[in-house]
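*Asks:* Chains H and C, in that order, are what the protein sequence lines are.
Note that this note's numbering has the first sequence beginning at 204, numbered continuously upward.
Note that this note's numbering has the second sequence beginning at -7, numbered continuously upward.
These are calculated hints, taken from the structure and not from any lab test.
Quick reminder that beta carbons are idealized off the backbone N, C-alpha and C, glycines included.
Mixed in with the good hints there might be a few duds.
[What the hints assert, rightly or not] Computed footprint of chain H on chain C, listed as stretches where at least three residues anywhere in the stretch have a Cβ under 8 Å from a Cβ of chain H:
id, stretch
1, 79 to 91
2, 168 to 180
[Unchecked claim] Straight-line distance between alpha carbons at most 25 Å, and here's what the computed DSS-like set of lysine-lysine pairs gives:
id, chain 1, residue 1, chain 2, residue 2
3, C, K218, C, K193
4, H, K259, C, K218
5, H, K259, C, K177
6, C, K218, H, K258
7, H, K259, H, K232
8, C, K218, H, K216
9, H, K232, H, K216
10, C, K177, H, K258
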Amino acid sequence: MSEITPFESEVAKLIVDTLNLDVDSADIKPTEALFGSGLGLDSIDALELAMAISKKYGFQLRSDDSNNAQIFSSLRALTTHIQHSRSA
Amino acid sequence: MSANWLKQRERGSKLLLVLFVNATRLLGRSTGRLILYPICFYFMLFSRQANRASRGYLQRVYGAPVGWRQVFRHYYDFACVALDRIFLLTGDYRRLNVKVHNAEALLRYLDRQQACILLGGHLGSFEVMRVLGGDRGLAIRILMYEENAAKMRDVINCLNPELARRVIAIGEPETLLRVKEAADKGELIGILGDRVREGDKAVSCNFFGQPARFPAGPLMLASVLKLPVVFGAALYRGGNCYEIFFEELAARVDLDRQQREQELAALMQRYVDRLEYYCRLQPTNWFNFYDVWERADEN
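Chain C on its own, in the form it takes in the complex (with noise of 0.2 Å):
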């Protein structure tokens, strides 16, 4: 079922979230990894849904049945890249360990001041690649849907305000007009494609063998404002050290009118192989905790 997670509540409540953060900027990065132990076996050992997605998913890219050992690193990785926002949001990253390649497929665009989309997916850190590229006066636009993470944008907001000013809220009449405004200035719009929501226009493309459906939406965009699009992850490699991966997709994407249903899926696909590719990399920074699959296939 595609819009799982937004169905699955958010756990524990904002107070506590505000807690934590301050808590962890106190003690340090070190201490706050000691508490995501207990923090991660509490949801394994509770949150059925997201256990049962997570073996689905690592099973599939090992090809063979996996213990809660490989269940439990999917959980830490995921929880570390957490924690590592709070330090990526507040400045205080300089102890980790960023390294980048092939950055060229996109400062391609950015050093024309040529808009482009960096198209990414819920898969390692896209904190970091937003931050750093913040970091280096480049204007990142992100498109979130807000509603959706109240929460998290709460202390995105304590921790960064000038960040946060930068997300453009999804669902709204002039979302994409902002999008357009942005192009025309010359801005890199960053997109999660890889989460269908109820409505969206979905494509069933091949992931790991089998159909899964994921949104159209991305790369319709990009043919309406006829943009280049980069694919982008940055992956967790463990410890403090992250890899960020660019790749171009598309140097410019004009769907033809007559034939935008293949060309479209057809560009999909190579969106989705390189989510694939990544994943092989790095299997347990796949973040999405729900079934992607399309249910018709699971028997």
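This is chain H alone, in the form it adopts within the complex (with noise of 0.2 Å):
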């Protein structure tokens, strides 16, 4: 597994903050789940990340993008796609 990047470790940061979690950031491992079996997220969870997420990088998520699942399946997943639509 590569090195945490210093964007990831701000995504995890803002993860741990919004949804109050009881886990130090810096413990999040970028590929890990972030549903079900790894960090134990639900779809509540998701759509209070979805709306920090929003709200802190200025675009919004929409349900009609079909690689929903994907972005919200890991730290490394979720950064990159934040990372492709602020630049877009």
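Build the complex: two chains, separate frames, hints provided.
*Replies:* Written out as structure tokens, the structure reads:
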């Protein structure tokens, strides 16, 4: 597994702060699953996270994006999506 | 067991259902209602699990042992409401007599095009609210476990495709983003909040004096979106009469992060209290034919 990037740590911190999680943001592995077996987030957490991302990075996550399941699969996938959407 | 209703197998094939729907439309409501008698007797004789659940529930409501007549009435009300869905969905419901109480609780938000959650349960007919709302130009979106009632969805699709399009399926990655987009547009979001599925976050509430688990999702969702929540129940009062009741549950749900669990539990209990109140008003309208109470308290 590769090292965590600075932007990934920033997003990890956003996840922990937004959802008030009882974990250290540094402990979130970039490739670990955010939902279900991994970090154990649920769909309401995903919505809350989507809203926090919109607010902080100024773009909307949309329901008609067919990649939503992939986008939210891991910290790395989410961070990549934010980087792309922000610069788009 | 909270997830029992999921495991209960849907009886009858899709073909039979479609046949019944068409026969009913052809023969009319009165004839359809006659056919319900043998159907209800059949279910009363052969679905022991549902029988036990009905009896257990009715005994809690009445506080006394119940006989087969009350259980039959429970089945019959369920069947009548299901039958009326056919007429509601095809727009052929002028003969239904629907009385609405406290519509202001809902119109307060809708008139200003402010999104709100209409929280109901499997109590009476949600379809009546949904169809009448649609009639009056209210954009109601319904959150629904579609895979669960796939047969029913086919029927809805075939009877009223426009209404079917307003359903937001639960359990997809996009589900809650769709809800948020509907809320952003000021739409009304209907949710049935009384059935817990496996894996759902559930809260134990007092229901007829004993703890029962209810899903936390609907009110957590309201809190994330900061929406008002209106309780709604459309009771079937026998014959062709329905009565719809609306009550404001919360002007704006915004659970405090630090005290989320306590605030959530208090709000959920308010919802369950309303359910209980309307169950008492029309006991045979509670359409959850499985044991909703927690097992540890059964002894």
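*Asks:* Does K258(H) lie within 25 Å of K177(C) when you go C-alpha to C-alpha?
*Replies:* Holds. K177(C) to K258(H) sits at ~18 Å (cutoff 25 Å).
*Asks:* Against chain H, does the stretch 168 to 180 of chain C show at least 3 residues with beta-carbon separation below 8 Å?
*Replies:* holds (count 6)
*Asks:* Are the Cα positions of K218(C) and K193(C) separated by 25 Å at most?
*Replies:* Given that 25 Å is the threshold and the Cα spacing comes to 19 Å, the pair holds.
*Asks:* Is the hinted pair K259(H) and K232(H) satisfied, with a Cα-Cα distance of at most 25 Å?
*Replies:* holds, 22 Å
*Asks:* Below or equal to 25 Å on CA atoms is what counts here, so check K232(H) against K216(H).
*Replies:* Given pair K232(H), K216(H) holds - Cα atoms ~12 Å apart, limit 25 Å.
*Asks:* If you look at each residue in the stretch 79 to 91 of chain C, do at least three have a Cβ nearer than 8 Å to any Cβ of chain H?
*Replies:* violated (count 0)
*Asks:* Given the proposed pairing of K218(C) with K216(H), does the C-alpha separation stay at or below 25 Å?
*Replies:* holds, 23 Å
*Asks:* Does K218(C) sit within 25 Å of K259(H), going by the straight-line distance between their CA atoms?
*Replies:* holds, 18 Å
*Asks:* If you draw a straight line from the CA of K259(H) to the CA of K177(C), is it 25 Å or shorter?
*Replies:* Holds, because 22 Å separates the two Cα atoms, which is no more than 25 Å.
*Asks:* Within a Cα-Cα threshold of 25 Å, do K218(C) and K258(H) meet the stated pairing?
*Replies:* At roughly 15 Å apart (the allowed maximum being 25 Å), K258(H) and K218(C) satisfy the hint.
Consistency note: the structure conflicts with earlier hint 1 alone.
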